[in-house]
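Chemist: In order, the protein sequences belong to chains Y and W. Its first residue numbered 9, the first sequence is counted upward by one per residue in the working numbering. Its first residue numbered 9, the second sequence is counted upward by one per residue in the working numbering.
By construction, these hints were calculated from the structure, which means they are not laboratory data. Take these hints with a grain of salt, some might be off.
Repeated chains share a single entry, so a pair holds when one copy, or any two copies, can fit it.
Simulated pairs of lysine-lysine, DSSO-like, Cα-Cα distance not exceeding 27 Å [claimed, not checked]:
1. K242 x K266
2. K242 x K272
3. K22 x K266
4. K242 x K110
Number of protein chains: 2
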Amino acid sequence: MLIVGESLNGTIPKVGEAINAKDVDFVRKLALDQVEAGARMLDVNAGVAGANEVENLAWIVGIVQNTVSVPLLIDSANPRALEAALAIHKGRPMINSISAEKYKLDAVLPLVASHDCSVIALCLGDEGIPQTPEARLKLARIVLDRAQAAGLKLEDIYLDTLTLGMGTSDQAAKVTLETLRLVRQELPGVRIMLIASNVSFGMPNRRLLNRTFATMAVAAAMGVDAVMIDVRDKAMMAALIAADALTGKDPYCKGYFKAFRAGKLGM
Amino acid sequence: MLIVGESLNGTIPKVGEAINAKDVDFVRKLALDQVEAGARMLDVNAGVAGANEVENLAWIVGIVQNTVSVPLLIDSANPRALEAALAIHKGRPMINSISAEKYKLDAVLPLVASHDCSVIALCLGDEGIPQTPEARLKLARIVLDRAQAAGLKLEDIYLDTLTLGMGTSDQAAKVTLETLRLVRQELPGVRIMLIASNVSFGMPNRRLLNRTFATMAVAAAMGVDAVMIDVRDKAMMAALIAADALTGKDPYCKGYFKAFRAGKLGM
Chain Y
9 MLIVGESLNG TIPKVGEAIN AKDVDFVRKL ALDQVEAGAR MLDVNAGVAG
59 ANEVENLAWI VGIVQNTVSV PLLIDSANPR ALEAALAIHK GRPMINSISA
109 EKYKLDAVLP LVASHDCSVI ALCLGDEGIP QTPEARLKLA RIVLDRAQAA
159 GLKLEDIYLD TLTLGMGTSD QAAKVTLETL RLVRQELPGV RIMLIASNVS
209 FGMPNRRLLN RTFATMAVAA AMGVDAVMID VRDKAMMAAL IAADALTGKD
259 PYCKGYFKAF RAGKLGM
Chain W
9 MLIVGESLNG TIPKVGEAIN AKDVDFVRKL ALDQVEAGAR MLDVNAGVAG
59 ANEVENLAWI VGIVQNTVSV PLLIDSANPR ALEAALAIHK GRPMINSISA
109 EKYKLDAVLP LVASHDCSVI ALCLGDEGIP QTPEARLKLA RIVLDRAQAA
159 GLKLEDIYLD TLTLGMGTSD QAAKVTLETL RLVRQELPGV RIMLIASNVS
209 FGMPNRRLLN RTFATMAVAA AMGVDAVMID VRDKAMMAAL IAADALTGKD
259 PYCKGYFKAF RAGKLGM
């Protein structure tokens with residue numbers, strides 16, 4: 009399971025302030041801390057209201073790549089910001105994201121297809137996020153078909169089935185779990201990216217919900233290929249190590265025993 | 009989800025000693041502690057090597073029912089011990105267990121059918137626990153058919169898909185998760201009882217594995233009807249409250265918010 013650190017995100021107030029202040033030390037430390045905690049890829053998002061995202065995203069990519077050696081997940085809805093970041097990124101990044109929305113298919117997909125990269129594909133269309141697993145599967149098929157027609161390989165497309173907050177509907181998480189099961193069954197070969205933290209938006213004790221949801225998602229998909237989380241959340245990391253072993257993805261439970269000996273499984 | 013406390017079990021050394029010593033205070037306290045911690049049914053098992061189980065099981069049933077008001081899960085492989093316990097049990101118990109084994113069908117099923125009770129049905133036959141989900145489903149069909157033919161109602165049968173320890177096979181938990189999914193799909197109306205703690209036998213950090221597995225099982229079955237756990241394990245209880253909400257079984261997340269306000273969700 010590819011572990012992606014979610015924390016270098018300008019929509020988080022402290023990170024947004026650091027981006028506006030061009031605080032190099034803050035960005036470096038947050039990159040180092042995440043890799044130290046187990047991240048094998050880092051999401052970078054420079055979306056700060058009123059700021060120059062094109063400039064800021066390239067700035068943050070440069071700093072992070074001068075600090076750590078993991079690849080980046082370049083996260084922007086702005087094609088010009090993506091283009092500027094891709095121009096300076098060393099190695100093979102992932103792009104966050106394409107979808108079945110018209111502007112993404114028209115403006116972002118060609119950019120992705122013309123670079124050597126992988127990509128997150130959202131189950132999202134111009135009418136928003138569908139309420140049923142079947143409708144999300146339909147959008148997944150559209151974006152996968154279009155991406156493959158544009159030249160992307162199936163194994164480079166990480167599907168995000170999307171998760172709405174439980175605070176808006178007590179059925180929100182269930183729909184995502186059912187979508188994960190359906191996608192795994194109907195779309196063999198596609199990779200799955202789980203982004204867990206939206207589920208708990210506005211709820212108390214978010215970390216309990218996030219890690220419980222993440223392990224349930226692993227069960228629903230019988231293994232996810234990538235997960236974007238706060239890697240500094242030790243209980244989340246321990247839960248994912250356990251979930252990996254419990255879905256038979258950890259031969260002889262070696263990873264579990266290693267984490268135990270390293271004191272990473274907590275109490 | 010019916011929460012069953014697993015701790016009054018003579019195979020646990022301290023409990024076995026208390027049974028041998030006829031330590032009434034120990035049994036009373038363990039019953040009270042479990043109900044206080046949230047158990048709505050208590051398993052009672054008087055299986056101590058070399059002791060008189062017929063006498064001991066009736067003794068423990070009497071004490072527990074004089075102490076707490078929750079129904080009991082009468083747990084024995086000995087038909088005479090079950091009969092003696094049923095004779096003195098007040099109210100409607102559950103029996104642990106029947107299976108597709110010949111002696112259980114011949115000796116335990118008639119006893120269950122002649123009493124007003126519910127029962128756990130194991131996916132187990134005379135050849136032991138099958139290695140594949142399909143073979144476990146086949147045994148589930150046999151025991152369900154026989155139990156219903158004997159007069160039991162479907163809603164009184166709690167299927168236990170069984171869980172082998174991960175220490176014996178790194179695929180053991182996965183087989184159970186897949187069986188839960190299959191059973192939910194193929195046997196509509198049957199209730200599911202999850203017994204989580206076997207999965208971690210012989211492994212380090214058992215509680216992490218138990219609670220992660222329990223929430224994954226809830227996802228695989230999209231809700232379980234009953235769960236047998238150590239109810240004094242606060243992290244397990246919090247994880248199950250979260251899992252219930254995440255499968256849409258907790259309208260408006262009221263149970264989750266209530267547990268949060270009561271300080272039951274931990275950090």
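Chemist: Are the hints correct? Go through all of them and say.
Modeler: Structure-based check of all given hints:
no. : hint        : in the structure
1   : K242 x K266 : both (15 Å within a copy, 26 Å between copies)
2   : K242 x K272 : both (7 Å within a copy, 20 Å between copies)
3   : K22 x K266  : neither (34 Å within a copy, 31 Å between copies)
4   : K242 x K110 : neither (39 Å within a copy, 48 Å between copies)
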